[in-house]
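*Asks:* Below, each chain spelled out in residue letters.
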Amino acid sequence: MQEPISFFTGFNPNDLWFLGEAALKTLWISILSITVGSVMGCVFGWILHESRFAGGIILAPILDVFRSVPLIIQLVLFYNFAPMVGLDLNPFLSGVVILTFYTASLVSNVARGGIESVEMSMRRASRSLGLTYWQDLFHVVLPIGGRTVFPAWIGVVLGVMKDSALVSVLGYVELLKASQILITRTQEPLLILSIAGVFYFALSYPISLYASRFEKRWAK
Amino acid sequence: MFDYNFHWRPVLKSLPDLIQAGLVTLEIASLAMFLGVVIGLCLALMRMNMTGPLKWFAVTWIEIARNTPALFQLFFFGFGLGAFGINLSPFVIILTGLSFNCAGYLAENFRGGFQAIPVMQINSARCLGMNSWQAYTRIVIPQVLRIVYYPITNQMVWAVLMSSLGMLIGFKELSGETQFFASKTFRVFEYFAVAAVIYYVIVKIVLGASRLLAMRLFRY
Numbered sequence: 001m002q003e004p005i006s007f008f009t010g011f012n013p014n015d016l017w018f019l020g021e022a023a024l025k026t027l028w029i030s031i032l033s034i035t036v037g038s039v040m041g042c043v044f045g046w047i048l049h050e051s052r053f054a055g056g057i058i059l060a061p062i063l064d065v066f067r068s069v070p071l072i073i074q075l076v077l078f079y080n081f082a083p084m085v086g087l088d089l090n091p092f093l094s095g096v097v098i099l100t101f102y103t104a105s106l107v108s109n110v111a112r113g114g115i116e117s118v119e120m121s122m123r124r125a126s127r128s129l130g131l132t133y134w135q136d137l138f139h140v141v142l143p144i145g146g147r148t149v150f151p152a153w154i155g156v157v158l159g160v161m162k163d164s165a166l167v168s169v170l171g172y173v174e175l176l177k178a179s180q181i182l183i184t185r186t187q188e189p190l191l192i193l194s195i196a197g198v199f200y201f202a203l204s205y206p207i208s209l210y211a212s213r214f215e216k217r218w219a220k
Numbered sequence: 001m002f003d004y005n006f007h008w009r010p011v012l013k014s015l016p017d018l019i020q021a022g023l024v025t026l027e028i029a030s031l032a033m034f035l036g037v038v039i040g041l042c043l044a045l046m047r048m049n050m051t052g053p054l055k056w057f058a059v060t061w062i063e064i065a066r067n068t069p070a071l072f073q074l075f076f077f078g079f080g081l082g083a084f085g086i087n088l089s090p091f092v093i094i095l096t097g098l099s100f101n102c103a104g105y106l107a108e109n110f111r112g113g114f115q116a117i118p119v120m121q122i123n124s125a126r127c128l129g130m131n132s133w134q135a136y137t138r139i140v141i142p143q144v145l146r147i148v149y150y151p152i153t154n155q156m157v158w159a160v161l162m163s164s165l166g167m168l169i170g171f172k173e174l175s176g177e178t179q180f181f182a183s184k185t186f187r188v189f190e191y192f193a194v195a196a197v198i199y200y201v202i203v204k205i206v207l208g209a210s211r212l213l214a215m216r217l218f219r220y
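Sequences listed follow chains A and S, in order. Take the first sequence: its letters are residues 1 to 220, numbered as in UniProt numbering. Take the second sequence: its letters are residues 1 to 220, numbered as in UniProt numbering.
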């Protein structure tokens with residue numbers, strides 16, 4: 001007697017490795033876009049604070065668009081737009097570009113809030129002590145304002161990390177796409193989605209826990 | 001540079017359908033927000049006042065909703081529950097997923113709001129002869145709603161944006177309808193550009209309406 005042929009192969013340890021690799025890809029895409037996006041966002045926030053024309057009239061509406069249009073639409077739109085202007089982007093790069101701009105638009109508001117949370121009298125005092133404009137910005141505004149908006153920034157970071165799941169729409173195999181592939185093969189959605197969920201939780205929860213502790217320590 | 005023929009005419013011809021779908025988006029977001037506010041309020045109260053299993057239920061819900069992507073939650077309700085033989089319709093999936101997510105986020109906002117109200121107020125309400133239910137519904141919750149009004153508005157915008165995930169589970173709201181048209185005509189860029197504009201308008205309408213409501217509600 002031969003065993004009946006099974007068409008569906010079950011979940012095996014190799015698949016766990018596959019999911020782990022995909023989790024690293026998720027981590028990589030979010031680290032890349034969050035780092036670049038945060039730096040860009042700080043610059044944008046500074047421009048928004050400094051200049052009424054360049055910031056308020058030109059930059060603010062553009063950043064507003066990134067915040068008011070769903071990420072999925074932005075991704076599909078950019079992925080289809082890039083070849084028109086002769087850019088040959090793979091899904092990973094287009095995902096990074098859009099996520100970066102999205103992060104920058106969120107961080108710019110946070111950064112502006114941080115700059116404005118430092119009282120003008122404080123900045124005048126530091127200027128009258130002989131600090132230059134940049135010294136004042138980096139040694140007075142950054143430590144004080146940064147501390148105020150740190151929780152908001154962490155919120156943005158966590159949000160972008162979770163939203164990076166949407167890059168799967170373009171066909172980039174990150175954690176959620178990988179779990180979908182495995183579901184198609186093994187037909188065990190509950191198990192695989194649970195594992196993917198645990199991976200996401202493991203990426204996101206330590207950051208939020210650490211941030212809330214940090215906040216408490218600063219609040220003292 | 002641009003060797004792409006834009007075909008705007010068929011897209012504009014299907015504009016009424018897209019706007020109709022935009023109304024569906026608005027409906028699903030409002031419905032999800034309504035459920036989210038009610039459940040989120042319950043979760044916040046459970047998390048602060050209860051002990052034992054109820055508290056852990058609320059904590060688990062909040063942490064899972066906040067630390068995994070919304071798309072993952074939708075997939076879980078869509079595919080994951082299929083393992084138990086529960087097959088939900090796309091409408092129910094997206095409604096459940098969005099409400100689950102919104103409830104988790106709003107619960108934390110509500111918790112912040114409740115903590116901003118001094119305990120002394122509850123004590124004095126109890127001294128005046130109100131029971132606990134009256135003290136909460138007449139003294140605490142009106143003040144909390146005022147504090148969390150802007151976070152709720154924000155969350156409403158998020159709900160509108162997140163409802164675009166319906167595209168991935170086959171629900172025909174704005175982005176689902178857009179993808180349907182786009183895959184029928186292969187004019188992906190044009191359709192998604194129009195969808196982006198409609199989303200932008202919807203978000204602006206939501207924000208404007210909430211601002212008007214705030215002027216009406218917070219006159220005193």
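Careful: at least some of the hints might be erroneous.
Only some residues are given here: those of chain S computed to face chain A with a beta carbon under 8 Å [claimed, not checked]:
no.: 1; residue: W8
no.: 2; residue: L12
no.: 3; residue: F34
no.: 4; residue: T68
no.: 5; residue: P69
no.: 6; residue: F76
no.: 7; residue: Y150
no.: 8; residue: L161
no.: 9; residue: S164
no.: 10; residue: F186
no.: 11; residue: V188
no.: 12; residue: A196
no.: 13; residue: I205
What follows is a list of derived Cβ distance ranges for each label pair [said to hold, decoys possible]:
no.: 14; chain 1: S; residue 1: D17; chain 2: A; residue 2: W28; range: 20 to 28 Å
no.: 15; chain 1: A; residue 1: K216; chain 2: S; residue 2: G52; range: 45 to 53 Å
no.: 16; chain 1: A; residue 1: V65; chain 2: S; residue 2: N123; range: 46 to 54 Å
no.: 17; chain 1: S; residue 1: G52; chain 2: A; residue 2: G10; range: 33 to 41 Å
no.: 18; chain 1: S; residue 1: Y4; chain 2: A; residue 2: P61; range: 24 to 32 Å
None of these hints come from the bench; they were simulated from the model. A virtual CB, placed ideally from N, CA and C, is assigned to each residue, including glycine.
*Asks:* Each hint: holds or not?
*Replies:* Verification of the supplied hints:
Restraint check, W8(S) versus chain A: the minimum CB separation of about 14 Å is more than 8 Å; hint violated. Contact between L12(S) and chain A, as hinted, is not supported at the beta carbon level, the nearest pair being about 17 Å apart and thus beyond 8 Å. The criterion of a C-beta within 8 Å of any C-beta in chain A is not met by F34(S), whose closest approach is roughly 21 Å, and the hint is violated. Annotation: T68(S) was flagged as interfacial toward chain A, and the flag holds, the nearest CB pair being 5 Å apart, inside 8 Å.
Using the Cβ-Cβ criterion of 8 Å, the hint placing P69(S) at the interface with chain A is satisfied: the shortest such distance is roughly 4 Å. Hint status for F76(S) relative to chain A: holds, with the closest Cβ pair at about 5 Å, below 8 Å. Interface restraint check for Y150(S): the shortest CB-CB distance to chain A comes to about 13 Å, outside 8 Å, so the restraint is violated. The criterion of a C-beta within 8 Å of any C-beta in chain A is met by L161(S), whose closest approach is roughly 4 Å, and the hint holds.
The restraint placing S164(S) at the interface with chain A holds, with a minimum CB-CB distance near 4 Å, inside the 8 Å limit. Look at F186(S): its Cβ only gets to about 10 Å from chain A, farther than 8 Å, so that hint breaks. Satisfaction of the interface hint for V188(S) is found here, the shortest Cβ-Cβ separation to chain A being roughly 5 Å, below the 8 Å cut-off. Given the 8 Å rule on beta carbons, the hint for A196(S) holds: about 5 Å separates it from the nearest Cβ of chain A.
With a cut of 8 Å, the hint placing I205(S) at the interface with chain A is violated, because the nearest CB-to-CB distance is about 11 Å. Evaluation of the 20 to 28 Å hint for D17(S) and W28(A) yields a failure: the beta carbon distance comes to about 39 Å. Between K216(A) and G52(S), the C-beta spacing of about 25 Å breaks the proposed range 45 to 53 Å. The given range of 46 to 54 Å is respected by V65(A) and N123(S), whose C-beta atoms sit roughly 49 Å from each other.
The supplied range of 33 to 41 Å is met by G52(S) and G10(A), whose beta-carbon atoms lie about 38 Å from each other. Restraint check, Y4(S) to P61(A): a C-beta distance of roughly 25 Å satisfies the suggested window 24 to 32 Å.
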